[in-house]
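Chains as they are written, first to last, in the working numbering: chain A, -16 to 436; chain B, 1212 to 1697; chain C, 7 to 270.
Check before you lean on any hint, since a few could be wrong.
Claimed, not checked - Lysine-lysine pairs mimicking BS3-like chemistry, simulated, CA-CA at most 25 Å apart:
hint: 1; chain 1: C; residue 1: Lys128; chain 2: C; residue 2: Lys149
hint: 2; chain 1: C; residue 1: Lys111; chain 2: C; residue 2: Lys149
hint: 3; chain 1: A; residue 1: Lys119; chain 2: A; residue 2: Lys155
hint: 4; chain 1: A; residue 1: Lys310; chain 2: B; residue 2: Lys1339
hint: 5; chain 1: B; residue 1: Lys1691; chain 2: A; residue 2: Lys245
hint: 6; chain 1: C; residue 1: Lys128; chain 2: C; residue 2: Lys148
hint: 7; chain 1: A; residue 1: Lys119; chain 2: A; residue 2: Lys79
hint: 8; chain 1: A; residue 1: Lys245; chain 2: A; residue 2: Lys310
hint: 9; chain 1: B; residue 1: Lys1691; chain 2: C; residue 2: Lys117
hint: 10; chain 1: C; residue 1: Lys48; chain 2: C; residue 2: Lys149
hint: 11; chain 1: B; residue 1: Lys1691; chain 2: C; residue 2: Lys111
hint: 12; chain 1: C; residue 1: Lys157; chain 2: C; residue 2: Lys136
Bear in mind the hints are in silico, worked out from the structure with no lab data behind them. All values reported here derive from a predicted model rather than from experimental measurement.
Letter by letter, the chains look like this.
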Amino acid sequence: MTDLSAAAPSSSPHHRGGASLIAPDARTQARNAAERRFRRFGLSAVLLGLVALVVLLASVLGNGVSAFRQTYVILPVTLEASVLDKAGNRNPDEMKKVTTLGYGKLMQEALIAALAERGIDTGDLKPKEIMALLSKEAPADLRDAVLADPSLIGQSIAFPAFATSRVDGYFKGRVTMDSAARDANISPAQLQLADAMRAAGLIETRLNPGFLTRPDASELRPEAAGLGVAILGSAYMMLVVLVLSLPIGVAASIYLEELAPKNRWTDLIEINIANLAAVPSIVFGILALALFINIAGLPQSAPIVGGLVLTLMTLPTIIIATRASLKAVPPSIRDAALGVGASRMQTIFHHVLPLAMPGILTGTILGLARALGESAPLLLIGMVAFVRDFPAAPPAGFFDPASALPVQVYSWTQRADPAFAERASGAIIVLLVFLLSMNALAILLRRRFERRW
Amino acid sequence: MNAGLLLLLLAGLGALGFLAGRARALSLVRGDARGLHSLPGYYGQTVALFAVVPAFLLLLGWLLLQPVLVERSITAMILPADIASGSSRELVMADVRRIAEGMERLVATGALNEGELAALVPQPDLLKDRLSAAGVALAAPIQPHIAEAATAWRAEMALGQGLMALSVLAVAVTGFLWSLWRVAPGFRARNVVERFIRWMLIAASSIAILTTIGIIFSLVFESWHFFQLYPARDFFLSLTWSPKFGGGSDLGIWPLLWGTLYVSFIALLVAVPVGLMAAIYLSEYATPALRAVAKPAIEVLAGIPSIVYGLFALMTVGPFLRDWFARPMGLGDSSSSVMTAGVVMGIMLIPYVSSLSDDIINAVPQSLRDGSYGLGATQSETIRQVVFPAALPGIVGAILMAASRAIGETMIVVLGAGAAARLDLNPFEAMTTVTVKIVSQLTGDTEFASPETLVAFALGLTLFVFTLGLNILALGIVRKYREQYE
Amino acid sequence: MNDMRLTERAVTQTAKITARGVQVHYGTNHALKDVDVDILDKTVTAFIGPSGCGKSTFLRCLNRMNDTVASARVTGKIEMDGQDIYDPRVDPVQLRAKVGMVFQKPNPFPKSIYDNVAYGPKIHGLARGKAELDQIVETSLKKAALWNEVKDRLSAPGTGLSGGQQQRLCIARAVATSPEVLLMDEPCSALDPIATAQVEELIDELRAQFSVVIVTHSMQQAARVSQRTAFFHLGHLVEYGETGHIFTNPTDPRTEAYITGRIG
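Extracted from the complex, chain A is given alone in its bound form (with noise of 0.2 Å):
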């Protein structure tokens, strides 16, 4: 039966005449073959993308997932009173007056001793160069335990110290013996005496909770930097941004969507919303330095202007999103409200924004997370600076500087030691983490309140 029509006759002059709809002609096979790349192209495009995601967030899991375990020193110390606490009396007032160093120098010596009581051969090492795999932090540690809990005194703890950064790097793969070789400040001699402490149990990697709490260390201890500045910055500005957008733009959306005549007026106003929507944000910085900081006197750093630049830059999102979900209620509702004589506003209020609410909420969640990762505005307000000290409890502490997570990632990949990426990634995997969490919730909202009409 293949062959049945290769004997009609072809019935114009131009008719590829006769082939059979079976056995493809060879310009069939050739644009079927055309079809199978242009497909394969295309799959290859969407793979293309698959990877790039799997890629970019594989590298960045890789390099940072390692920053929240730590290597510490655990090191078993007396705290003698006739050192900490002369006057005997256990006032941390008093015993501020022994400083970091007091608190040092009783460090090394319980070091030393306590690699002497275990036989490790120390070599040629110096108690300076032996105390040197400790962090510069370490003493000060210590030090805060004590003040804050005087009944230490006189008591032999075990003290989780954290070990240098490159111990630590050492113990993660990011230190070799050959480069500590070329390292002026760790040798060799050093590592081998880590491997020595960790064999006997004195050096163990483990979580480490400080890389959530404590706020950023100087370029030379980043053992001890973490996030715990940029994570209250952060959030400080997310409260001001919340507090701010969600009723600006709720209120300009009602307007424009439901009360302004369509005139030139409301027409400016929606050109500008879509080209605010698109200045890139960088230029949102250069007027928040222009405009909070110059000229309205506001501090630099602060988590105020920081929300203030991120609620100028949010407000587009919420208010598309809002009205979109204003549009989305039935017109026959806002007629029943009318109709039992309820006002304009009265149907807005008690009855379209009401059913608008959970659309309205998504969008803000989802600009929020927008505004969580932004960093290039923050960077102009000297959000970059280095600040150690927490701010204050709202509302004085939006005037103090702060950091963000975003920029305190910029931050550290500003510094020399590497020690430092790896913390930057880390604080990048904190930073996904709560975008993804504020994304589940926009879904999870989305799902719980699907419309009801």
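Place chains B and C on chain A using the hints.
Quick look at chains B and C alone, frame taken from chain A:
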């Protein structure tokens, strides 16, 4: 009395006003709310609104204006003799402000009382010591005249604060009493409240306009300052960019513009084919299962903050391109390069291009596809010869929008492109962009009033004009395209 | 007039397309139930019936346009010149080159008039050169009775023509690939009466070369242009026969009810 306390007072007055207005309305009709024109709550709301809102606006305006006015009056006090050579009026004013703030801190911490402070003013050296003890370090010795200016500054600020508190409270109480007096059974409270709210809604929607005005004002104002200090001709025509601390900088925009356009070009080279083909495949070919996975996954790329892409460029893509391409090909030795930033920015733009193209491809009516299939065209022939040409204007619009985003992107280029301003064709060479220089000029330690800092505003203005133009063009094209199929 | 048709009818006898037991499902919706039809060569066959009766669905089976709808499932046997067009080895692309289609709404591509007509010959490689392509375009436009109106503006966009002209352009576009069968899905429903008359006249002329199948909801139109008529109702082929016979002496009560306007 500070602003925070005033705000609290206003809030209290508002709550009181609500209760008072409601109670008065009800008592006028002996508790029978049916005798009122509006619900009793509306009478309360009128009183609260008239008590709080005008006073609050006054407070806001005062807080914004007072520093400007005080600054102007104090600037007038500074004599030409006070301005040392190499310095400027702005620098002197900055000193005045810092001295005044230091004085404030001394008094606030109780280190000095007002009388002691006044006694210190004629003794600049002593004052300087006390100030540095309070954490205000000054480079040069204090001139007596400057110390007087600082004292005057403090006095005017304090006077302003007092006046502000007084007038804000006066306005609030007047509003409170006036609207309470207006409460009567026939008073149309609901209409008044609704008109009030309507104006507040209008004000909220005008913020978009104010923001634009603010952007344009700040960019144009400071750029104008810049062009007073640095010839516009050199800025727009010079081919070198080399800012120097001691003045005599070359601030030509071309190397930066070149870097920006080069990076954006590479980004579009990556994003447009990949994004477009992905959109076509997902909307025309993909099985529902693949679409359900791939579409959200690609959109995840759009939700990732640009700082993450920047870090990706810095730590992964940069070293990779250097070790596998630039070095073996002998094209350079730098991990930050136009290529690094371009490729990563391209990845960032893929979802942007693909979701815009997806919308546009779906807007092409099915009847055109049917017409083509009915003639025996294959799917790819239909896409390439019917759908694509029909969607072309929309796709061009989408590409322009993507280009505008590429030009304005900051973090990726800050971390991935480098800081060296040069005009070069080698994509593996580090180059810099307009946005990178805005960041570096405004986060550096140079004096604000110097051309090296102010140039950032001129750069920002250029950037704003560029992206705005692209966006308006793109929006226009897309809108026209949509109309074609409606 | 019916008598005239009866004499004409005698010359066309060979079946071009035979359909046996055709069923179509859209998802769970059973849109077409067990349809048997022989479509004759060089004849105009009209499918009539109330909307949703399955006439368009059946039409779209004949060139496998239903393949482009993901949820559609076609069973049964449709043969063209004795070849099963649903054989898995059949390339629908080749099939559609032989079975052209004109749609309800004129759908010219957003290209020039010339490119609209040349599109099919180009993708199927029917012309060996520019001159031959020009020739095909000209004959096709002439066959569609559009040549005189557009010959001076072949490079103008096809979307700029009037509704009737657009539909004739679409017919020219379908004719240009030299199909053996021409399917028309309510080709006049979007046109005004004058344009409709032009297209109907054209259909009558096309019968000389093609077998034409036209779906219409207008009984008058079916009576005017077709030699054979099939009446569909609720997915069933109720009655199929000579047009004159169907309109004057239907055998099925449902056909009679439809023709007299009681259902529809």
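*Is the straight-line distance between the alpha-carbon of Lys245(A) and that of Lys310(A) 25 Å or less?*
16 Å, holds
*Would you check the hint for Lys1691(B) and Lys111(C), treating anything up to 25 Å between C-alpha atoms as holding?*
Satisfied, since the Cα-Cα distance of roughly 23 Å is no more than 25 Å.
*25 Å Cα cutoff - pair Lys157(C), Lys136(C)*: At roughly 17 Å apart (the allowed maximum being 25 Å), Lys136(C) and Lys157(C) satisfy the hint.
*Within 25 Å, alpha carbon to alpha carbon, are Lys1691(B) and Lys117(C)?*
17 Å, holds
_Run the distance test for Lys111(C) versus Lys149(C): straight-line Cα separation, threshold 25 Å._
Judged against 25 Å, a Cα distance of about 20 Å means the pair holds.
*asked:* So if I understand the rule, the pair passes when the alpha-carbon distance is 25 Å or less; does Lys1691(B) with Lys245(A) pass?
replied: Status holds; Cα separation ~20 Å.
*Is the Cα-Cα distance between Lys128(C) and Lys148(C) 25 Å or less?*
19 Å, holds
*When you check the alpha-carbon spacing of Lys119(A) and Lys79(A), does it fall within 25 Å?*
19 Å, holds
_Holds or violated: Lys128(C) to Lys149(C), with C-alpha atoms at most 25 Å apart_ = With a Cα-Cα distance of about 19 Å, the restraint between Lys128(C) and Lys149(C) holds, given a limit of 25 Å.
*Has the given pair, Lys48(C) with Lys149(C), been kept, meaning a C-alpha gap of at most 25 Å?*
OK: Lys48(C) and Lys149(C) at ~15 Å, within 25 Å.
_Given pair status - Lys155(A), Lys119(A), alpha carbons within 25 Å_ = 20 Å, holds
*asked:* Check the hint pairing Lys310(A) with Lys1339(B) against an upper bound of 25 Å on the C-alpha distance.
replied: 64 Å, violated
Violated hints amount to a single one, hint 4; each of the other numbered hints is respected by the structure.
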